[in-house]
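A.B. asks: For chain A, the structure is supplied; the task is to place chain B on it using the hints.
Protein chains in written order, with the numbering used here: chain A, 840 to 1047; chain B, 840 to 1047.
Quick caveat, the hints were computed from the structure, so don't treat them as lab data. Watch out, some of these pointers could steer you wrong.
Which copy? The list can't say, so a pair holds if one copy fits it or any two copies do.
[As the list claims (entries may be wrong)] Derived lysine-lysine pairs resembling DSS-like cross-links, with alpha carbons at most 30 Å apart:
#1 Lys877 - Lys891
#2 Lys1042 - Lys903
#3 Lys891 - Lys903
#4 Lys861 - Lys891
#5 Lys861 - Lys877
#6 Lys861 - Lys903
#7 Lys877 - Lys1042
#8 Lys1042 - Lys861
#9 Lys903 - Lys877
#10 Lys891 - Lys1042
Just so you know, these numbers come straight off a predicted model, no measurement behind them.
Protein chains: 2
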Amino acid sequence: MREPVTAAAGPGRPRDAEVGRKALRAAVELYAELGWAKFTVDAVVRRAGIGKAAVYRRWPTREKLVADALEWALVLPAIAIDTGNVDDDLRELARALMAHYLGPYGLAGLRLHVEARAYPELFGELAATLRRTRALEARAIVRRAIARGELGEHASPTLILDTLLGGVLNHVLATPEELRPEMTARSARYIEDITAFVLTAAKAIGPP
Amino acid sequence: MREPVTAAAGPGRPRDAEVGRKALRAAVELYAELGWAKFTVDAVVRRAGIGKAAVYRRWPTREKLVADALEWALVLPAIAIDTGNVDDDLRELARALMAHYLGPYGLAGLRLHVEARAYPELFGELAATLRRTRALEARAIVRRAIARGELGEHASPTLILDTLLGGVLNHVLATPEELRPEMTARSARYIEDITAFVLTAAKAIGPP
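Here chain A stands alone, though its shape is the one from the complex (with noise of 0.2 Å):
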């Protein structure tokens, strides 16, 4: 496999950004698998495999370089999805978010708001903040539904995004360890049918 373009230009900022890159991931990882308590930077430089001084150059502190990599990780990937109907956009944000508890960084959320609590200082504005996001991109897809006439004008926002989005939480967190190969496998499936389950609900409570 070719190394990606900026990683081959040589020193000055693209082979700093790959860096960069690196330990990002690494720290929302390790914050996943073992929260904040646990979280070192050299833990970090360690999993990363890269150079001690370049990470302590950017981030002389664990506070830093946790609070950078959850934004980066679970605030900055915000998705704008607008296909143009209710039940395509309410799929895909349920899509996203099954992908996103699938892949390496899906504890970290989690973990964010129940650390929110016990390090309100620390973690407190970031939960806050990717809170009011998701909040506001999920809110959009259900005020166009109403504006285009898919939906009533007291459709619920609320109970629309807790069940679906909510849903898929739940559906994560209740299969066992010996079954989420299984559960992964048919989570396309399970995309579809828990879409159709909520937009049954929202269109006969709230109907145009």
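C.D. replies: Okay, now just chain B, sitting in the frame of chain A:
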């Protein structure tokens, strides 16, 4: 306020039981707030305001104490809901879960699922037991509804329970800290609404 009868009974079993309960309660609270990494028997003794010797005699290690405390708070209070109709059963299930999340042990279960991946040898079995217990009692509700003809035979316990239980969880997680009192005040209304929402889909998709 009068002391409870058991605490006034002098030395012997009832008084032991009271000390034990105080220790368990403090242990779950500390685990929920700070997680396993910061969990110590000494901190539990301090928070519970009880004698150190009594606690160490019963729980010589922090592993034993946290395991007993989580089982006591999360696994044992299994609720056998069986009102005779599916609407009331599901409403009561959602209500009990909301009360749990808003109570002092609300974060403990979520943290357990997160930490079961970091410390599988310690929390894996407990998380699995909790999952199994919850799934069995919730699925029994849907099975009885199918047997009584309230739901069709192809009604999906998975979708019904994921959307109802996950919906309640998402509602709690997505609510910003500053809106928590308001959410708590409105939680009875929310339970009515989400139960009706989920039942609408369940009855429309899997009619008897």
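A.B. asks: Now, for every hint given, state plainly whether the structure supports it.
C.D. replies: Now the hints, each set against the structure:
Taking the shortest Cα distances, Lys877 and Lys891 sit within 30 Å of each other both inside one copy (18 Å) and across copies (27 Å). For the identical chains of this complex, Lys1042 and Lys903 are neighbours neither inside a copy (45 Å) nor across copies (50 Å), given an alpha-carbon limit of 30 Å. In this assembly of identical chains, the alpha carbons of Lys891 and Lys903 lie at most 30 Å apart only when taken from the same copy (15 Å versus 38 Å across copies). Taking the closest pair of Cα atoms, Lys861 and Lys891 come within 30 Å of each other only inside a single copy of the chain (12 Å); across copies the shortest separation is 46 Å, beyond that limit.
Both within a single protomer and between protomers do Lys861 and Lys877 lie at most 30 Å apart by alpha-carbon distance, with minima of 19 Å and 29 Å respectively. Taking identical chains as interchangeable, the C-alpha atoms of Lys861 and Lys903 lie at most 30 Å apart only when both belong to the same chain, with a minimum of 16 Å there against 38 Å between chains. In this assembly of identical chains, Lys877 and Lys1042 lie within 30 Å of each other by CA distance neither inside one copy nor across copies; the values are 47 Å within and 48 Å between. In this homomeric assembly, Lys1042 and Lys861 never come within 30 Å of each other (Cα to Cα): the closest approach is 45 Å inside a single copy and 49 Å across copies.
Taking identical chains as interchangeable, the C-alpha atoms of Lys903 and Lys877 lie at most 30 Å apart whether they share a chain (15 Å) or sit on different chains (21 Å). In this assembly of identical chains, the alpha carbons of Lys891 and Lys1042 never lie at most 30 Å apart, being 55 Å within a copy and 59 Å across copies at closest.
In this structure, the earlier hints numbered 2, 7, 8, 10 are contradicted, and the remaining ones agree with it.
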